[in-house]
Amino acid sequence: MGKYVVRRLLMMIPTFLGATLIIFYLSFALPGDPTAGRCGERPCPASYVEWFRSHYGLDKPFLVQYGIYMGRLLTGDLGTNYYGNTVIHELAIRYPTTLKLAVIAIVAEILIGIGAGILAGIRRGRFIDSLVTISTLVVIAIPVFVLGSLAQMVFGIKLKWFPVTAGDGTWGQLLLPGLVLGSLYVAYVARLTRTNLVENLRADYVRTAYAKGMQPARAIGLHALRNSLLPSITYIGASFGALLGGAIVTERIFNINGVGSLIYRSISQRDGTTLVGAVVVIVVIYMVMTLLVDLLYGLLDPRLRHE
Amino acid sequence: MLTRPRALAAAAVSALLLMSVASCGSGDNTTTPTNSAASTGNSVTSGGEITVRGCTPQNSLLPPNTSEVCGGNVLDASEAKLVHYTPDDAAPELDVAASIDTTDSVHWTVKLNDGYMFQDGTQVKAKNFVDAWNWGAACSSAQLNSYFFAPIAGFTDPSGDGCNTADTMSGLAVVDDLTFTITTTSPTSNLVVRLGYTAFAPQPDAFFADTSEGKANFAKLPIAAGPYQIVKNDDTQMVLQKFAGYSGKFPGSVDKVTFKIYNDTSAAYNDVVANNLDLTDVIPSDQLVGDAWKTDLVNSDGTNRWGTKDTGVIQVLTYSAVDAQLKNTSLRQAISLGWDRAQVTKAVFNNARTPATGWVSPVADGYKADQCTNCVFDAAKAKQLYDAAGGYKGTFLIWVNGDGGHDAWAQAVCNQLKNNLGMECAVQTTPDFKTLRNKITKRDADLTGMYRGGWQMDYPSIENFLAPIYATGASSNDGDYSNPAFDQLLVDAAAATTNDAANKLYQQAEALLDKDMPSMPLWYQQSQFGFSSKIKSVKMTPFSTFDFGSVVMN
Numbered sequence: 001m002g003k004y005v006v007r008r009l010l011m012m013i014p015t016f017l018g019a020t021l022i023i024f025y026l027s028f029a030l031p032g033d034p035t036a037g038r039c040g041e042r043p044c045p046a047s048y049v050e051w052f053r054s055h056y057g058l059d060k061p062f063l064v065q066y067g068i069y070m071g072r073l074l075t076g077d078l079g080t081n082y083y084g085n086t087v088i089h090e091l092a093i094r095y096p097t098t099l100k101l102a103v104i105a106i107v108a109e110i111l112i113g114i115g116a117g118i119l120a121g122i123r124r125g126r127f128i129d130s131l132v133t134i135s136t137l138v139v140i141a142i143p144v145f146v147l148g149s150l151a152q153m154v155f156g157i158k159l160k161w162f163p164v165t166a167g168d169g170t171w172g173q174l175l176l177p178g179l180v181l182g183s184l185y186v187a188y189v190a191r192l193t194r195t196n197l198v199e200n201l202r203a204d205y206v207r208t209a210y211a212k213g214m215q216p217a218r219a220i221g222l223h224a225l226r227n228s229l230l231p232s233i234t235y236i237g238a239s240f241g242a243l244l245g246g247a248i249v250t251e252r253i254f255n256i257n258g259v260g261s262l263i264y265r266s267i268s269q270r271d272g273t274t275l276v277g278a279v280v281v282i283v284v285i286y287m288v289m290t291l292l293v294d295l296l297y298g299l300l301d302p303r304l305r306h307e
Numbered sequence: 001m002l003t004r005p006r007a008l009a010a011a012a013v014s015a016l017l018l019m020s021v022a023s024c025g026s027g028d029n030t031t032t033p034t035n036s037a038a039s040t041g042n043s044v045t046s047g048g049e050i051t052v053r054g055c056t057p058q059n060s061l062l063p064p065n066t067s068e069v070c071g072g073n074v075l076d077a078s079e080a081k082l083v084h085y086t087p088d089d090a091a092p093e094l095d096v097a098a099s100i101d102t103t104d105s106v107h108w109t110v111k112l113n114d115g116y117m118f119q120d121g122t123q124v125k126a127k128n129f130v131d132a133w134n135w136g137a138a139c140s141s142a143q144l145n146s147y148f149f150a151p152i153a154g155f156t157d158p159s160g161d162g163c164n165t166a167d168t169m170s171g172l173a174v175v176d177d178l179t180f181t182i183t184t185t186s187p188t189s190n191l192v193v194r195l196g197y198t199a200f201a202p203q204p205d206a207f208f209a210d211t212s213e214g215k216a217n218f219a220k221l222p223i224a225a226g227p228y229q230i231v232k233n234d235d236t237q238m239v240l241q242k243f244a245g246y247s248g249k250f251p252g253s254v255d256k257v258t259f260k261i262y263n264d265t266s267a268a269y270n271d272v273v274a275n276n277l278d279l280t281d282v283i284p285s286d287q288l289v290g291d292a293w294k295t296d297l298v299n300s301d302g303t304n305r306w307g308t309k310d311t312g313v314i315q316v317l318t319y320s321a322v323d324a325q326l327k328n329t330s331l332r333q334a335i336s337l338g339w340d341r342a343q344v345t346k347a348v349f350n351n352a353r354t355p356a357t358g359w360v361s362p363v364a365d366g367y368k369a370d371q372c373t374n375c376v377f378d379a380a381k382a383k384q385l386y387d388a389a390g391g392y393k394g395t396f397l398i399w400v401n402g403d404g405g406h407d408a409w410a411q412a413v414c415n416q417l418k419n420n421l422g423m424e425c426a427v428q429t430t431p432d433f434k435t436l437r438n439k440i441t442k443r444d445a446d447l448t449g450m451y452r453g454g455w456q457m458d459y460p461s462i463e464n465f466l467a468p469i470y471a472t473g474a475s476s477n478d479g480d481y482s483n484p485a486f487d488q489l490l491v492d493a494a495a496a497t498t499n500d501a502a503n504k505l506y507q508q509a510e511a512l513l514d515k516d517m518p519s520m521p522l523w524y525q526q527s528q529f530g531f532s533s534k535i536k537s538v539k540m541t542p543f544s545t546f547d548f549g550s551v552v553m554n
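In order, the protein sequence lines correspond to chains G and W.
When we follow our numbering, the leftmost residue of the first sequence carries the number 1, and every step to the right adds one.
When we follow our numbering, the leftmost residue of the second sequence carries the number 1, and every step to the right adds one.
Bear in mind the hints are in silico, worked out from the structure with no lab data behind them.
Check before you lean on any hint, since a few could be wrong.
[Unchecked claim] Within a straight-line C-alpha distance of at most 30 Å, the following computed DSBU-like cross-link-like pairs (lysine-lysine) qualify:
#, chain 1, residue 1, chain 2, residue 2
1, G, Lys160, W, Lys256
2, W, Lys256, W, Lys220
3, G, Lys158, W, Lys539
4, W, Lys309, G, Lys158
Given the structure is predicted, the values throughout are model-derived calculations rather than measurements.
Start from the sequences, fold in the hints, and give me the full structure.
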């Protein structure tokens with residue numbers, strides 16, 4: 001187990017280097033000089049362009065820039081963006097909001113997704129099953145920007161049940177966007193849970209449990225469900241990693257000051273420093289979440305234990 | 001406020017067709033505005049707090065380094081300048097200055113009002129202007145707006161970089177605490193109009209005491225002399241508090257103005273509809289269709305909570321400097337004549353744009369209507385000119401940036417040209433404004449046909465719509481237009497002794513553009529804005545900013 005963790009941690013190093021190199025290259029390769037258009041229709045004064053390029057190291061060759069960046073990164077310095085704020089500071093004020101949003105989405109996944117999946121699974125072929133199957137299909141088919149704008153229009157503006165936007169990032173404000181963001185994952189979790197449950201209910205060991213005279217609730221709850229939830233838990237864990245990467249579309253619609261809107265802004269302003277910084281953090285989070293999920297998997301299924 | 005390449009932000013954000021920028025040049029106008037009492041709302045003191053749509057400034061919040069809307073909107077409310085523009089028609093009135101006198105449009109004497117205070121309690125003195133301008137102009141400060149100081153004598157720029165290689169300008173001299181003199185390199189008759197631009201704001205002693213790089217510490221919460229003080233400035237909001245010690249003539253009305261940062265103009269609009277936000281200066285383009293916004297923004301008692309304002313913005317398509325076929329003037333005229341502006345503004349913008357009849361916005365001083373005879377739709381004449389010129393070989397391209405909502409009108413123009421002239425036409429969209437600007441600046445070889453440009457005036461003068469864009473070698477001369485007669489008229493106009501004489505010369509210069517057609521005027525822009533039920537009325541200025549002195553609360 002310990003060995004496995006160490007091995008996985010070591011594997012993170014080349015992954016991390018590779019990911020940052022690609023991200024750095026991509027932000028470097030974005031068309032459009034950061035100073036182009038900065039002064040509107042008029043070219044910026046040469047002194048400003050020169051200062052800008054040397055201040056942000058844009059005048060150096062790509063690999064040198066990357067080397068300098070990685071050197072700074074080792075000391076925990078993610079750089080300063082074009083607006084003059086440190087990237088660490090920008091991320092620090094945005095992460096709590098993105099985390100809250102992710103938690104709301106995850107809670108919805110667990111409660112609604114697994115709940116609906118179980119209901120549909122044990123009542124296979126009945127009305128509730130069809131309802132879950134069809135409604136999840138609809139949610140999966142609708143793009144999130146449609147869903148988000150629709151929810152904002154109906155529940156925010158027309159019915160006034162929820163705040164229209166979530167600029168302050170309070171739990172109350174984030175509830176609606178969190179549900180919108182989580183809806184796609186909820187649908188997948190429900191379908192995943194249902195399918196696995198249906199399959200396991202037909203498995204020999206469940207039939208045996210029934211044959212032994214075990215109560216259906218116990219047979220389903222203790223035996224079938226425990227096995228059926230494994231893939232769902234993996235999925236939920238992985239989606240948590242994705243959610244922590246910020247949600248560009250949802251954050252824009254609801255004006256949430258999270259990591260997604262930061263990434264969007266830095267792309268449109270060609271602010272490579274912020275972009276790389278934010279994505280580097282996301283890469284790390286993703287790697288850690290994947291590791292945790294893999295470890296959790298071993299705990300839940302003895303056959304997969306990492307000895 | 002002139003500042004605005006406000007367009008930048010707006011374009012990126014996609015709601016406006018705006019784009020634009022700043023400028024300088026030479027001008028005219030010898031009359032100094034009179035020291036009239038403020039014409040705006042100082043009698044309206046209603047207190048209260050409002051929230052306003054804001055966006056993230058792209059640079060540190062310093063007047064010489066702010067040339068886009070996001071920072072400009074905030075500095076507009078916090079900075080006092082020598083000259084203030086009236087919110088109704090952008091006419092210049094004296095603000096910090098008690099008088100600005102000249103006899104020859106070269107030597108100017110500026111007297112300041114006594115007792116004008118910075119927000120840290122120090123007095124605004126002559127040296128606060130002189131030192132601030134010297135700093136803003138110097139190459140070593142690397143400020144975006146440094147070229148605004150170019151008319152001042154001693155501005156040394158041998159390589160045309162747009163900044164002063166020396167640390168000071170000899171044309172500025174402090175006489176006493178409340179008097180300083182400005183000497184310009186050549187006659188600059190509209191100097192007074194220019195001095196209301198944000199870059200010309202004074203800086204307190206605290207600014208010069210700041211030793212951080214680029215005055216970064218000072219710029220976090222800049223101290224200015226205007227009616228509002230910036231008390232909080234972070235990534236999600238900028239808070240402005242009414243400055244209790246404000247002694248000028250243009251006080252604010254509400255006590256507190258909070259700019260809330262929005263990444264998306266639709267989110268801000270929806271918040272205004274739901275009364276969660278009090279003011280937005282941008283209405284998303286999808287709401288303009290069928291005037292949806294006018295039905296959304298109505299109070300329960302039936303009164304409107306929206307408004308429009310003609311702004312000093314003109315949109316043009318510039319004939320490509322790299323397209324050899326377009327050297328033919330009658331071909332350029334044919335293309336401009338060959339489509340109906342009124343039809344496009346109606347179909348695409350629901351008349352929220354006004355078809356252009358010249359190269360100068362009606363908001364500007366010196367505007368003359370119907371200067372562009374080639375802007376009047378005439379399919380028969382267009383076709384005749386087009387055929388006589390031998391037509392356009394290959395596909396004619398119209399280049400627009402994809403992040404500003406320009407596709408629809410560009411497509412409409414293309415279709416009309418196809419139908420009326422029988423030419424092949426296609427719209428080319430770049431991913432965003434930066435990419436388009438990058439291509440234009442490099443005069444990219446594949447950039448044939450026409451490319452979009454928008455100009456937002458820096459100051460309300462006809463000169464600002466001509467000199468920076470069409471003078472030979474001017475910084476924003478995207479089409480490489482060059483006509484010695486045009487250049488000479490600009491020089492003559494700048495040296496004219498009266499404003500009227502200068503404007504007449506500028507109008508003659510504009511008439512030359514009609515002959516040469518370096519670009520094709522499209523339309524003048526109008527800004528739309530919305531407000532919450534909390535507000536009874538508010539004025540938008542011709543620069544698309546709000547005048548917080550005119551807010552009346554319900």
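Hint check:
Restraint check for lysine 160 of chain G and lysine 256 of chain W: satisfied, since their Cα atoms lie roughly 27 Å apart, inside the 30 Å limit. Simply put, lysine 256 of chain W and lysine 220 of chain W have alpha-carbon atoms about 18 Å apart, close enough for the 30 Å limit, and the pair holds. For the proposed pair lysine 158 of chain G and lysine 539 of chain W, the alpha carbon gap of about 28 Å is at most 30 Å, so the pair holds. At roughly 29 Å between alpha-carbon atoms, lysine 309 of chain W and lysine 158 of chain G fall within 30 Å of each other, so this suggested pair holds.
Of the numbered hints listed earlier, not one is contradicted by the structure.
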